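I would like the entire structure built from these sequences, with the hints used as guidance.
So the protein lines, in turn, are chains G and P.
Each residue of the first sequence is one higher than the one before, counting from 1 in our numbering.
Each residue of the second sequence is one higher than the one before, counting from 1 in our numbering.
Please note: incorrect hints may appear among the correct ones.
Remember, identical chains collapse to one label, so a pair may be satisfied in a single copy or spanning two.
Stated by the list, open to error - Heads up, simulated BS3-like pairs for lysine-lysine below, C-alpha to C-alpha not over 25 Å straight-line:
| hint | residue 1 | residue 2 |
| --- | --- | --- |
| 1 | K271 | K87 |
| 2 | K125 | K271 |
| 3 | K87 | K125 |
| 4 | K125 | K285 |
| 5 | K278 | K113 |
| 6 | K4 | K113 |
| 7 | K285 | K87 |
| 8 | K87 | K278 |
| 9 | K87 | K4 |
| 10 | K278 | K4 |
Honestly, the hints are just simulated from the structure, not real lab data.
All of these numbers come straight from a predicted model, not from anything done at the bench.
Protein chains: 2
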Amino acid sequence: MLLKRIAILGPGLLGGSIALRLREVGGWHVTLWTRREATLPQLRERGVADAVTANISDAVRDADVVVLCVPIEAMGRLAEEIAHAAKPECIVTDVGSVKASVVAELDAILSGKCRFIGSHPMAGKAESGIDAAEASLFRETNCIITPTAATDAEAIDLIRGFWETIGCRVVSMGAGEHDECVALISHLPHLVAGSLVRAVADRNPRAFEVVGPGFRDTTRVAGGPPELWTGIMQANRGAILEAIDAMIAKLYDFRQTLERVAESKDADDLKNFLAVAKQTRDQIKFPK
Amino acid sequence: MLLKRIAILGPGLLGGSIALRLREVGGWHVTLWTRREATLPQLRERGVADAVTANISDAVRDADVVVLCVPIEAMGRLAEEIAHAAKPECIVTDVGSVKASVVAELDAILSGKCRFIGSHPMAGKAESGIDAAEASLFRETNCIITPTAATDAEAIDLIRGFWETIGCRVVSMGAGEHDECVALISHLPHLVAGSLVRAVADRNPRAFEVVGPGFRDTTRVAGGPPELWTGIMQANRGAILEAIDAMIAKLYDFRQTLERVAESKDADDLKNFLAVAKQTRDQIKFPK
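As structure tokens, this is what we get:
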């Protein structure tokens with residue numbers, strides 16, 4: 001089976017960037033679905049897709065692959081409609097930042113109707129919305145796919161190939177391990193960035209007048225859309241609570257070390273704390 | 001008085017970038033001092049300065065302005081030598097990330113010998129050392145200067161003009177307020193980034209295999225040199241301990257909010273936490 005016709009549900013940063021990338025690749029027929037009928041003329045004019053529609057059944061009827069690019073709390077309702085309209089061989093995936101709950105919900109709805117496999121491309125930027133979309137957004141980023149024991153092997157190969165076409169490096173893991181990993185490297189950084197901004201605002205807002213590039217980068221992710229992130233945080237609450245506890249414990253460790261260190265002697269523990277952090281980070285293979 | 005001859009003490013990222021910028025501006029005579037005699041041939045070959053030397057007295061004797069670009073714990077010893085060799089009208093400044101302790105120490109040493117005024121250009125990048133230096137490093141960054149009641153007005157004007165030549169926007173504040181501000185927007189982000197890397201490593205190092213650009217940016221500053229940062233953390237310990245407490249309190253706030261939020265209802269507090277962080281950050285005027 002060759003994937004040629006795609007329905008992208010949700011014309012935001014990720015959906016728009018997938019559409020732009022596929023136009024660059026060529027040979028695809030892209031249908032873009034939006035919930036908001038009023039935006040159809042704009043989307044048509046923009047020309048990122050071969051067809052745009054606000055009707056889900058029309059969008060997915062002939063699709064070889066459907067990608068849900070909507071907030072995770074909106075996915076179940078869309079999956080119900082996909083289950084009625086899509087071909088049995090159609091592969092359905094999503095770009096949600098949480099997988100255990102999404103996979104459980106969508107598997108239950110789509111099982112026996114078409115083939116679902118969860119995805120999470122780890123791409124993003126400060127801006128959101130289709131205006132920020134770009135064909136190169138996914139290039140050299142990691143995309144996690146979360147097949148279950150029941151997922152058919154062809155579907156795994158096809159979705160892996162799809163994300164590689166988009167530009168991703170694909171990693172496969174269980175939905176549970178995915179959620180634990182992203183709680184640590186995506187959800188925790190987001191709430192840490194937000195907490196950092198708010199802690200500074202509480203203590204001395206004048207500090208914002210003299211920020212450097214370090215503060216800008218450390219807090220960048222806090223600029224993401226609060227609605228989207230609220231849904232993510234709720235859906236992955238358990239793993240995130242554990243990640244916060246680990247973070248608070250580590251900060252407290254550092255605090256104790258700093259308090260112990262006298263002005264001019266015995267700074268080895270302090271240097272060691274920072275050196276281990278640097279060494280650990282230096283070994284990470286970052287995308288792009 | 002016109003500043004024309006400069007001695008830059010310390011051929012690292014900041015010292016090297018100042019030298020490169022002044023060569024671009026033209027009309028300056030730049031002397032670069034290094035502690036390590038063995039590196040003199042390399043520095044000469046590199047051609048970033050008109051003269052390079054390992055002799056402090058030679059470096060500062062004819063200087064109109066001296067900039068200390070060395071770790072803060074090395075500044076006192078260099079200041080003693082500057083006090084013996086520099087002209088009385090010479091303006092001495094530094095690029096240290098902590099000001100109250102540095103200003104107190106250097107004022108005491110240089111008072112009556114030449115004119116000292118503390119500076120802190122808020123510039124940096126992931127790489128350190130002269131290999132990473134670039135003429136544009138300071139462009140549109142903030143530089144804080146910390147004059148005291150005793151600093152003469154001409155010296156303030158001259159040092160302000162100097163940093164503007166280098167490309168900075170200059171902000172003047174007391175050394176104490178400086179230290180409180182940078183504890184919040186520079187030192188706290190550094191230790192937060194380091195703690196984040198270490199918390200993830202403790203809980204599940206496999207998470208590093210799937211990092212995205214968000215984790216890279218949030219932790220970037222943790223890649224800075226541990227020796228340098230150990231000195232900074234020690235020197236600004238009091239303000240940093242208070243900043244850590246504010247950060248832990250804010251994380252705990254978020255934790256409580258997340259725990260309170262049930263799966264599908266009452267997510268307003270959670271969204272509000274994230275929205276206030278985003279709004280606050282959106283209003284910050286970041287450099288570059």
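Outcome of the hint check:
1. Proximity of K271 and K87 under a CA criterion of 25 Å is satisfied in neither setting, with 60 Å inside one chain copy and 38 Å between copies.
2. Only between protomers do K125 and K271 lie at most 25 Å apart by alpha-carbon distance; the minimum there is 20 Å, versus 33 Å within a single protomer.
3. In the homo-oligomer, the alpha carbons of K87 and K125 never lie at most 25 Å apart, since the shortest distance is 34 Å inside one protomer and 52 Å across protomers.
4. Proximity of K125 and K285 under a CA criterion of 25 Å is satisfied in both settings, with 19 Å inside one chain copy and 18 Å between copies.
5. Taking CA atoms no more than 25 Å apart as the test, K278 paired with K113 passes in neither setting, with 49 Å inside one copy and 41 Å between copies.
6. In this homomeric assembly, K4 and K113 come within 25 Å of each other (Cα to Cα) only inside a single copy, at 20 Å, whereas the closest approach across copies is 78 Å.
7. When the C-alpha separation of K285 and K87 is checked against a cutoff of 25 Å, the pair qualifies neither within a copy, at 39 Å, nor between copies, at 51 Å.
8. When the C-alpha separation of K87 and K278 is checked against a cutoff of 25 Å, the pair qualifies neither within a copy, at 50 Å, nor between copies, at 41 Å.
9. When the C-alpha separation of K87 and K4 is checked against a cutoff of 25 Å, the pair qualifies only within one copy, where the shortest distance is 14 Å, while the shortest distance between copies is 77 Å.
10. In this assembly of identical chains, K278 and K4 lie within 25 Å of each other by CA distance neither inside one copy nor across copies; the values are 45 Å within and 39 Å between.
Figure legend: structure checked against the earlier numbered hints; hints not met, in rising order: 1, 3, 5, 7, 8 and 10.
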